[in-house]
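Listed in order, the protein sequences are those of chains A and B.
Just so we're aligned: the first sequence equals residues 1 to 357 in the working numbering.
Just so we're aligned: the second sequence equals residues 1 to 308 in the working numbering.
Among the hints, a few may not be true.
Stated by the list, open to error - Here are the simulated SDA-like cross-link-like pairs (lysine to any residue), alpha carbons at most 20 Å apart as the crow flies: (1) B:Lys303 <-> A:His89; (2) A:Lys128 <-> B:Pro222; (3) A:Lys128 <-> B:Arg299; (4) A:Lys107 <-> B:Tyr218.
Stated by the list, open to error - Which bits of chain A does chain B cover? Going by a derived footprint, with three or more residues having C-beta under 8 Å, they are: (5) 77-84; (6) 140-150.
Stated by the list, open to error - Computed beta-carbon distance windows for the label pairs: (7) A:Arg182 <-> B:Pro212: 49 to 59 Å; (8) B:Arg304 <-> A:Glu124: 39 to 49 Å; (9) A:Glu109 <-> B:Thr76: 51 to 61 Å; (10) B:Leu39 <-> A:Gln122: 58 to 68 Å; (11) A:Ala270 <-> B:Arg115: 33 to 43 Å.
Note that these hints are calculated values from the structure, not bench results.
Each residue gets a CB set at the ideal place from its N, CA and C atoms; glycine is no exception.
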Amino acid sequence: MTELKIVNLTKRFDDSVVVDNVSITVEPGRLVALLGPSGCGKTTTLRMIAGLTVPTDGDIQFSGQSVLQQPPERRNIGMVFQRYVLFPHMSVAQNVGFGLFIRGISKTEIQRRVREMLEIVQLEHLEKRFPSQLSGGQQQRVAIARTLVTNPQILLMDEPLSNLDAKLREEMRTFIKELQQRLNITTLFVTHDQVEAMELADQVGVMFKGKLVQFGIPEEVFNHPHNSRVADFMGATNLIRGKIVRQEAGGIQLNISAGDLLVQSPGSHALGTEVIATIRPEHIDIVETEPLDKHVGNRFKGTIEQVVYFGGSVSYQVEASGLNLKVLERSTRMMTVGQEVILRLNPQKLWIFPEQA
Amino acid sequence: MELPKANPIKHLPQARRRWLGRFRIALMLAPAMAVLVVLYLGALVLAFLQSLGYAPLYQINTFPTLHYYQDLFSSTGFWQSVFYTFYYALIPTFVGLILSIYLALTLRKRFALKRLFQYVYKLPLMIPYLVGVSLTILLFSNGGIIARVLHLIGIIDNPVEFPRILYDHSGLGIMIVYIWKQVPFMTLIIYSVLLGLGPESEEAATTLGANPWQTFWYVTLPQIMPGIITGTAIVFAFNFGSFETPFILGGGFPNTLPVEAWRAFDDPEPARRLGAMAIVMVISVVSGGLLYLYIAWYRRFEKRRGRV
Numbered sequence: 001m002t003e004l005k006i007v008n009l010t011k012r013f014d015d016s017v018v019v020d021n022v023s024i025t026v027e028p029g030r031l032v033a034l035l036g037p038s039g040c041g042k043t044t045t046l047r048m049i050a051g052l053t054v055p056t057d058g059d060i061q062f063s064g065q066s067v068l069q070q071p072p073e074r075r076n077i078g079m080v081f082q083r084y085v086l087f088p089h090m091s092v093a094q095n096v097g098f099g100l101f102i103r104g105i106s107k108t109e110i111q112r113r114v115r116e117m118l119e120i121v122q123l124e125h126l127e128k129r130f131p132s133q134l135s136g137g138q139q140q141r142v143a144i145a146r147t148l149v150t151n152p153q154i155l156l157m158d159e160p161l162s163n164l165d166a167k168l169r170e171e172m173r174t175f176i177k178e179l180q181q182r183l184n185i186t187t188l189f190v191t192h193d194q195v196e197a198m199e200l201a202d203q204v205g206v207m208f209k210g211k212l213v214q215f216g217i218p219e220e221v222f223n224h225p226h227n228s229r230v231a232d233f234m235g236a237t238n239l240i241r242g243k244i245v246r247q248e249a250g251g252i253q254l255n256i257s258a259g260d261l262l263v264q265s266p267g268s269h270a271l272g273t274e275v276i277a278t279i280r281p282e283h284i285d286i287v288e289t290e291p292l293d294k295h296v297g298n299r300f301k302g303t304i305e306q307v308v309y310f311g312g313s314v315s316y317q318v319e320a321s322g323l324n325l326k327v328l329e330r331s332t333r334m335m336t337v338g339q340e341v342i343l344r345l346n347p348q349k350l351w352i353f354p355e356q357a
Numbered sequence: 001m002e003l004p005k006a007n008p009i010k011h012l013p014q015a016r017r018r019w020l021g022r023f024r025i026a027l028m029l030a031p032a033m034a035v036l037v038v039l040y041l042g043a044l045v046l047a048f049l050q051s052l053g054y055a056p057l058y059q060i061n062t063f064p065t066l067h068y069y070q071d072l073f074s075s076t077g078f079w080q081s082v083f084y085t086f087y088y089a090l091i092p093t094f095v096g097l098i099l100s101i102y103l104a105l106t107l108r109k110r111f112a113l114k115r116l117f118q119y120v121y122k123l124p125l126m127i128p129y130l131v132g133v134s135l136t137i138l139l140f141s142n143g144g145i146i147a148r149v150l151h152l153i154g155i156i157d158n159p160v161e162f163p164r165i166l167y168d169h170s171g172l173g174i175m176i177v178y179i180w181k182q183v184p185f186m187t188l189i190i191y192s193v194l195l196g197l198g199p200e201s202e203e204a205a206t207t208l209g210a211n212p213w214q215t216f217w218y219v220t221l222p223q224i225m226p227g228i229i230t231g232t233a234i235v236f237a238f239n240f241g242s243f244e245t246p247f248i249l250g251g252g253f254p255n256t257l258p259v260e261a262w263r264a265f266d267d268p269e270p271a272r273r274l275g276a277m278a279i280v281m282v283i284s285v286v287s288g289g290l291l292y293l294y295i296a297w298y299r300r301f302e303k304r305r306g307r308v
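Whenever a hint applies, use it, and build me the whole structure from the sequences.
Listed below in C-alpha cells is the structure:
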C-alpha cells in the first residue's frame with residue numbers, strides 16, 4: 001500500500017493562483033475526499049498528482065519518493081474521470097483490458113483479469129457491448145474496472161458520480177466505498193457534494209479559492225467548521241454574530257441580537273471577541289406551545305416566514321428577534337407561515353469561530 | 001371572434017394529413033432534386049447512351065454496341081491512363097493525409113504565433129488551383145525561382161540543370177499542387193474532429209500507462225478515423241476526376257482519364273466523342289464504386305460501435 005503526500009503544492013496559470021500551497025497526506029489504504037465548489041482547484045490538484053498538469057511549485061510523493069519527474073504513464077496511478085471517458089471504439093472487455101494490453105501482458109492473462117474485474121463490478125454479462133450501449137452507471141463501473149485492473153498504487157477519482165441521477169449516485173457511493181475497502185487502495189476523491197464526501201471519506205479536505213481551509217475526519221468538518229465559508233458549504237447555513245461576554249467551565253456566553261446565547265464549544269477566547277456561532281438547521285428544535293421561560297437559555301420566540309416541503313423533511317425559515325434561522329425537521333407535522341413558535345438551540349450543537357476567520 | 005388556427009394541417013383527417021406532409025417534404029426537396037436529376041443524372045444517362053453508340057446528334061446510331069468500350073479496354077494507352085489517374089490521385093492523398101494528421105495534432109498544442117499560423121495554413125483553401133499551378137511553375141520549373149536560388153548559392157552551375165519535375169510522367173508537379181491545396185482542407189476536417197474529441201480520452205490512456213505513440217495509435221487515430229475517411233474520400237475523388245492540373249503539368253499522352261476524355265471529346269471526329277463518353281462512364285463507375293465502399297465502410301464502422 002502506498003502513502004500519498006502532497007507538499008506545498010502550487011499551480012499558477014499566468015497571474016492567477018489556482019492551487020495555493022496545498023499540503024495533504026493520504027495514509028495507505030485510506031480514502032480522502034477533496035471537497036469544494038467549482039473552480040476551487042481540487043481537480044487541478046488531482047491532475048497534478050496524475051501528472052497531467054505540471055505544478056508550479058511543491059512536491060508530490062508516493063511512499064516518500066517524489067514523482068514529479070515521472071511522466072503520467074509511469075506513475076502507476078488510476079484515474080476515474082467525471083465523464084467516464086471510455087474509448088468509444090472499444091468494447092467493454094477491450095476498454096477494461098487496455099491498460100494490460102499496452103503493458104504487453106499475454107492475451108489469456110488479459111482475458112482472465114478482465115473477467116475477474118468485470119465480476120467485481122458485476123458487469124461480466126456486458127463484456128462485448130460498446131460504451132454507447134451502456135447506461136451512465138454501467139459506464140462508470142467500466143471506467144472504475146478499467147482503472148483498477150492494472151493494480152494502481154493510487155486511485156484518483158474526479159467527481160465520478162456527478163453525471164449520475166440521484167438514485168444511481170447513491171448506489172454507486174455504496175459500491176465505491178465497498179470496493180475501496182475491499183481492495184484497500186489509497187484513494188483521493190474529488191467532489192463538490194458534501195453528502196458524498198461524508199459518506200465515502202475517511203478524511204475530508206475542504207478547498208476554497210485554491211487553498212485547503214480545513215482537513216479532518218468527516219464528523220469534525222461537518223460539525224465544527226473552521227470558518228463561515230466551510231460552515232455554509234457544509235450546509236450549516238445558520239450563522240449568528242455575537243460577542244463573548246462570559247466564559248466559564250459550563251460554556252461560553254455570547255451576546256447576540258436576540259439576547260444571550262450559551263455555547264458549549266471548546267477552546268478559549270478573550271472576552272469581547274467578535275465571533276460567529278453556527279448551528280445546523282437539523283439541530284434546532286422547534287416548539288409550538290411551550291411557555292417561554294426567561295430563566296432557561298437558548299430559547300427564542302419567532303415567527304415562521306417560509307415553509308418548504310421536501311417529502312421526508314420540511315424546512316422552516318424562522319425570524320426570531322433579528323435572527324433569521326433555518327430549521328429542518330422530519331415532516332411528521334406541518335406548521336404554517338405566520339405561526340408563532342419557540343426555537344431551542346442546543347448549546348452542545350453550537351460551534352463558534354472568530355469572525356475574521 | 002375565433003382566432004385563426006396556427007397549423008391548419010393539424011385539424012385534417014390523419015391519412016390526408018400524412019399525405020400533405022409528404023407532399024410538403026417533396027416540394028421542399030424539389031429544387032435540389034431537379035438540379036441533380038436534370039444536370040447530373042440526365043447528363044450521365046446521355047453519356048451512357050452515347051457510349052453504347054446512340055448519338056443521332058452526330059448522325060451515329062449503332063445502339064446497342066460495346067464497340068467503344070472494347071476499343072478502350074484493348075488500348076494500352078487507356079490502361080496507362082488508368083495507372084496515372086490512380087497514381088496521381090493516391091500518392092498525394094496519402095502524403096497529404098500524413099501531413100494533415102501531423103499538422104492537426106500540432107495545432108492542438110499551445111505555441112507562439114498560433115493564431116497567425118491558424119490563419120496562414122488555411123490560405124490555399126481560398127486560392128484557385130490554377131494559381132497553385134502557376135506558383136508551382138514559377139518555383140519548380142527549370143529556370144524557376146528555386147533553380148535560380150540554387151544557382152546563386154553555387155549548388156548547380158546553371159538554372160537549366162535543375163532536375164525536371166514538371167511536364168513529365170513522374171507527376172511531381174501535379175502532386176505538389178494537390179498537396180499544397182488539399183493539406184489545409186484535410187487538416188481542417190481532422191482538427192475539427194480532434195477538437196470535438198477533447199484531450200480527456202488521451203489523458204485517460206496516459207493514466208492507464210500508454211506512452212504517447214500508443215495513445216495516438218490505439219486511442220486517437222481510431223477516434224479521428226471518420227474525419228480521416230471523409231477527408232481522404234473527398235480529396236481522392238477530386239484528384240481522380242481533376243482535369244486542369246494534370247492537363248497543364250502532366251507529361252503528355254498518356255495522361256489521366258479526365259484529360260484523355262477531354263482530348264477525345266475535343267477531337268473533330270464524332271466517333272472519338274463516343275469513345276470519350278466511354279471514358280466518362282469508367283470514371284463515373286469507379287467514383288461511384290468508391291463512394292459506395294466509403295458508405296459501406298462507414299456503416300460498418302458505426303455498427304461495430306453499436307451506433308447503428
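Checked against the structure, which of the hints given earlier come out wrong?
-> Per hint list: 7, 8 and 11 violated.
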